[in-house]
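*Asks:* This is what each chain is made of:
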Amino acid sequence: MTTVTHEHEHVDEHAAPPAPTGWRRLTAPGWLRVPWMIVVFFGIGAGITVLVRWLEGWHPIWKGSIITTVELTTVPLGFLAGIGTFDYWVRYATGAPTAPEDHSGHGARSWRDYFRVNTDHKVIGVQYLVTTIFFFLAAGMLAMFVRAELAKPGMQFFDNQTYNGLFSVHASLMIFLFVIPAFAGLANFVVPLMLGAPDMAFPRLNALSYWLLPMAGFMMLGSFLVPGGAFATGWTSYAPLAVHQPLGQVFFNMGVQWAGASSIMTALNFLVTIITMRAPGMTFWRMPLLVWANFTTSLLVVIATPFIAGSQFFVMFDRVMHTHFFDPGHGGYPLAYQHIFWFYSHPAVYIMMLPGFGIASEVISVMSRKPIFGYRLMALSLLAILVLGFSVWAHHMFVSGMAPWLRVPMMATTLLIAVPTGIKVFSWLATMWEGRINFSTPMLFAVGFVSMFVIGGLSGIYLGAVPIDIHVSDTAFVVAHIHYVLFGGSLFTIFAGIYYWFPKMTGRMYNERLGKLHFWLTFVGFNLTFFPMHLIGVQGMPRRVADYAPRFADWNLFISIASFGLGASTVVFLYNMIWSWRFGPPAGGNPWRALTLEWQVTSPPPIFNFDEIPQVVGSPYEYGVPGARHAVLNGDRAEVGELEEVRRT
Amino acid sequence: MAVHVEAHGPPLAHRSSRVDASILGIFLFIASEVMLFGAFFTAYFFVRVAAGTPWPTPPFHLPVFVAGVNTMILVTSSFTMHWALQSIKRDNHAGLQAGLLLTFLMGLTFLLTQILEYSRIGFAPKDGAFATVFYCLTGLHGAHVAVGLMLLGAATIRAFRGHYSSEAHHGVEIPGIYWHFVDVMWIVVYSTVYIL
Amino acid sequence: MICVAIFAVVAAVIAYSIWKFRAPPDDESDGPPIHGHTGLEITWTAIPTALVVAIAIVSAIVLAKNGDAGSNPLHVDVTAQQFAWSFSYPGHANLTSGDLRLPLGRKVELKLRSLDVIHSFWVPEFGQKQDTVPGLTTKLVITPDRVGTYPVICTELCGLGHAVMRTSAIVMPAAAFEAWVNKQGKALAGPAGQAGKTVFVNNGCNSCHTLKAAGATAKIGPDLDKLPAEAKGAGKPLDAFVHESIVNPNAYVAPGFPKNVMPQTFSQLPKSQLDALVRYLVSSSRSGR
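Chains W, L and U, in that order, give the protein sequences. For the first sequence, counting from 1, position 393 maps to 393 in this note's numbering; every step adds exactly one. For the second sequence, counting from 1, position 10 maps to 1010 in this note's numbering; every step adds exactly one. For the third sequence, counting from 1, position 146 maps to 2146 in this note's numbering; every step adds exactly one.
Warning: the hint list may mix true and false statements.
Dumping the calculated DSSO-like pairs for lysine-lysine here, alpha-carbon to alpha-carbon at most 27 Å [said to hold, decoys possible]:
#1 Lys2259/U with Lys2271/U
#2 Lys2219/U with Lys2186/U
#3 Lys2186/U with Lys2226/U
#4 Lys2232/U with Lys2219/U
#5 Lys516/W with Lys2271/U
#6 Lys2232/U with Lys2212/U
#7 Lys2259/U with Lys2226/U
#8 Lys2226/U with Lys2212/U
#9 Lys2107/U with Lys1126/L
#10 Lys2219/U with Lys2236/U
#11 Lys2259/U with Lys63/W
#12 Lys2271/U with Lys2226/U
#13 Lys152/W with Lys2236/U
#14 Lys2232/U with Lys2111/U
#15 Lys2111/U with Lys2183/U
#16 Lys2107/U with Lys152/W
#17 Lys2065/U with Lys2020/U
#18 Lys1089/L with Lys63/W
If you are wondering where the hints come from, they were derived from the structure by calculation, not from laboratory data.
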């Protein structure tokens, strides 16, 4: 808020402007402006396409597939313009005097404010989380369909193309619309608070990056409705196959662009916020590990995400403009896609994992009532993963036919990543050691995460070793591995984070009994579902197939039944969240007796987080140190000096 | 959620870095843009080096000279941009306006020349991998010029409405940084695609 | 083994912590303020580093061994396309087969090509896997050491028929392999019906289509026993329709099936084989009714 606006003064009065009436409601930003803006932008997209085709003499002038591709760019822009994410910038660009920030779009006064463009990072965080949980449920439902089809060999409910669409959309939604943005949502809520900042550095950009997200999600879900069905090439969408697929493929290409743009903007915002808006005294070595985790993640996002944007552009150009990036008959190179794609998508694994490390560190330290073990090494291992993460992409391509000399170096770097990851696991264990552990739901999920992630990491070592990888790549073993890492890893930490900060976000406590029930159902269901996949994978069950050899029938039936149980456990979670949000007992400001800054304000936090920027005086994890404090709020400067003195001696 | 009626505005955030937030923001954005170009250059590498496509594939030719003149125009526009920024730092509004307008016009000339080049070059994106990479790299850069022009356009309009001063000129500085990036990127594109 | 041990240690520590360090519900005290232990941290950095370096070295050695084809391997050219495998033996007059037959105990060097998209060749029992990439020739060395019939599976998603892109690898004693080679050579030169059926099977038509006479039951593409009805739908004489549908599959697409799925590559079959195939399809679809 304070650092973006350059040319206008800050004013203190910020009463909301009077609500528009009559026909003005149609031109004011909001849902009434959305429909006609979409129509206008649809017209612009179609108009440009038709004009260009007419000028160039390409026939037919009106071609559905081309129009659709262009509309996937312009219609979302129409939506964004309608809902009002661009209003300020349009006023600015046309040279109109920009309104002094009146904060009318800041903070939520009623539930309706969650459906408007809002610049408050706390509102945006909740918007993110609710949206991503919606897509989590949708993608989970698709997984249930997948397991239903796989319950028996042969074809049951779907044809091949539909089945391929089901798992492709499942994976894409889970990755691009759930895991990545759910972490962004949690961090959006928590990071400015932890830093002692009143908001993110660029609140309007923050709002825009949220509103891009539902666009991307509905685009991917909507692909089921187009002729030829949903995109069916997996979330990896390898060229040249993706170039020759039905129209639904474009919905993936464009959906990834929107989701990617959203995550780049958020990451940029986090980086600037973390670098320029830390409270006084909050040196880098006093930042909570969650902030460290989001700092490294954001660096990964900013650097790597453009590569997936590139790869999807190439596929789309090959389709629409008949270019030849991947067509060897015309000088293209098919493996280029995989190199470019994995140069993003391997770091993406860490984009989906590092914020989880941060959440686990917070939860484990607070719930064990002990300082985090080896704080600096924990932060440095994040940076090590960041650096190594960029040098391992080709381990996804050991059997792809790439240059053989790339194999051994990539294997070495891949295996080396186990070292910083191992450091983190051992440090969490050492943090728990001799603690006074409170096994609340977030702690259960955090401990569940550590144990499951070790399995995922160890199967990762198998996959990292080339000779073994050659055997099991593209089998159910890989499916098991990825789910141990992303479900047992990312999803468990997301749940831990949601339970941990639920009292802070809503001001109410969730139901502990239901939370524990949810954990145990998830934990057991998850292991019953995914552990057997290791076995059948090694025995020869490939992945991404609707039909399989009869000898795997028993295990698959078992897995399907377990997966339905796993799916059902989500109902407990939903019920708990919705019920507790409305009727839960008031939580108080600091139910976990945590030291980090977000717990030192009321629940939910005041609209501008702090009355006065706090003064940080020590490490965020000084549990058990007598008299230690992380920060001093509301400006008792004398106390600050005293504490700094204590710390120095 | 509970209703909060706030009694005052936000507390001023602590400035924990000497770097200004929006300057840092634009540099990070440019880092991301460089990586996007990186993806396109990777495709260039695979087509030209790994697949060994002849460059340019006969019978096509690249208009090296015309593009060279165009390069000169773009490079010059970087200097006028710099002049505009230096002017406003000294509260010279006429210099700011002239500098921005000149930069904008030169950028526009560059873009139009590029479009003209496309229409006369004699091959289309579908004519083999060489044409593909040529159009996509220059096209990606062209799209960045277009975005840069939009930013410059906004800055120019505001400059003529008298919005900037020696104290407040981020609105000139940030499009300027972006414009220099677009310029440097063109030199890379020009030397790899046209000359090498 | 090492992995199991590591997991056991981690699980044991977690279990012990859960049992030992659980705080009573009303305990508000904090744990001891241990911030770290340099020696311990160095230990658990150094030991995993040593372990993974060892794993990397062993893997690199195994990898180099696996890739060694020896001095006199049997060469087999593998061609993958949506959604069929075909194998040809350059050492045996380019004999082509729809399943992979290998003599026992001799090293085999496979050269893999793809005609359309990326596929991946995998025989689980051989423990080896290699993608086939259009425009590239990839290699794989295997040594079949047990007689038997094993599945050949495509493990790279290649389109709607990916799940059924399967055939068999049959490892047979050297003498039986020679006998099979001779018999195949004769079949192609034999009467039209037999040659046509061999072409049909060797080119993998049976992996997508149903044809009773060939015992094929796949359902990716149209049912070939219904060819006469389809020809009527297209308004063409049966043999011209069959020929056109093989060499130019998009000319007429049976209702309910997507365009661009049937490979266009069969137009490159030798003319004698193509004619035999057309005659075979015409006669068997007529008699099938």
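*Asks:* Each of the hints needs a verdict: does it hold here or not?
*Replies:* Structure-based check of all given hints:
Distance check on the hinted pair: Lys2259/U and Lys2271/U sit about 25 Å apart at the alpha-carbon level, within 27 Å; holds. Proposed proximity of Lys2219/U and Lys2186/U is contradicted: the alpha carbons are some 31 Å apart, above 27 Å. The straight-line distance between the Cα atoms of Lys2186/U and Lys2226/U is roughly 30 Å, outside the 27 Å bound, and the hint therefore fails. At roughly 21 Å between alpha-carbon atoms, Lys2232/U and Lys2219/U fall within 27 Å of each other, so this suggested pair holds.
This hinted pair does not check out: Lys516/W and Lys2271/U have alpha carbons roughly 70 Å apart, beyond 27 Å. Restraint check: the Cα-Cα separation between Lys2232/U and Lys2212/U comes to about 20 Å, which is no more than 27 Å; the hinted pair holds. Between the alpha carbons of Lys2259/U and Lys2226/U the distance comes to roughly 19 Å, so the proposed pair stays at or under 27 Å and holds. Taking the CA atoms of Lys2226/U and Lys2212/U, the gap is near 11 Å; set against the 27 Å cutoff, the hint holds.
Simply put, Lys2107/U and Lys1126/L have alpha-carbon atoms about 44 Å apart, too far for the 27 Å limit, and the pair is violated. Distance restraint check for Lys2219/U and Lys2236/U: the Cα-Cα separation of roughly 24 Å lies within the 27 Å cut-off, and the hinted pair is therefore satisfied. This hinted pair checks out: Lys2259/U and Lys63/W have alpha carbons roughly 17 Å apart, not beyond 27 Å. For the suggested pair Lys2271/U and Lys2226/U, the alpha carbons sit about 24 Å apart, so the restraint of at most 27 Å is met.
Annotation: proposed proximity of Lys152/W to Lys2236/U is violated, straight-line Cα distance about 41 Å (limit 27 Å). Proposed proximity of Lys2232/U and Lys2111/U is contradicted: the alpha carbons are some 42 Å apart, above 27 Å. Under the criterion of a C-alpha separation no larger than 27 Å, the hint pairing Lys2111/U with Lys2183/U is consistent with the structure, at around 24 Å. Proposed proximity of Lys2107/U and Lys152/W is contradicted: the alpha carbons are some 37 Å apart, above 27 Å.
Between the alpha carbons of Lys2065/U and Lys2020/U the distance comes to roughly 49 Å, so the proposed pair goes past 27 Å and is violated. For the proposed pair Lys1089/L and Lys63/W, the alpha carbon gap of about 52 Å is over 27 Å, so the pair is violated.
Hint compliance for this structure: hints 2, 3, 5, 9, 13, 14, 16, 17, 18 are broken, all remaining hints hold.
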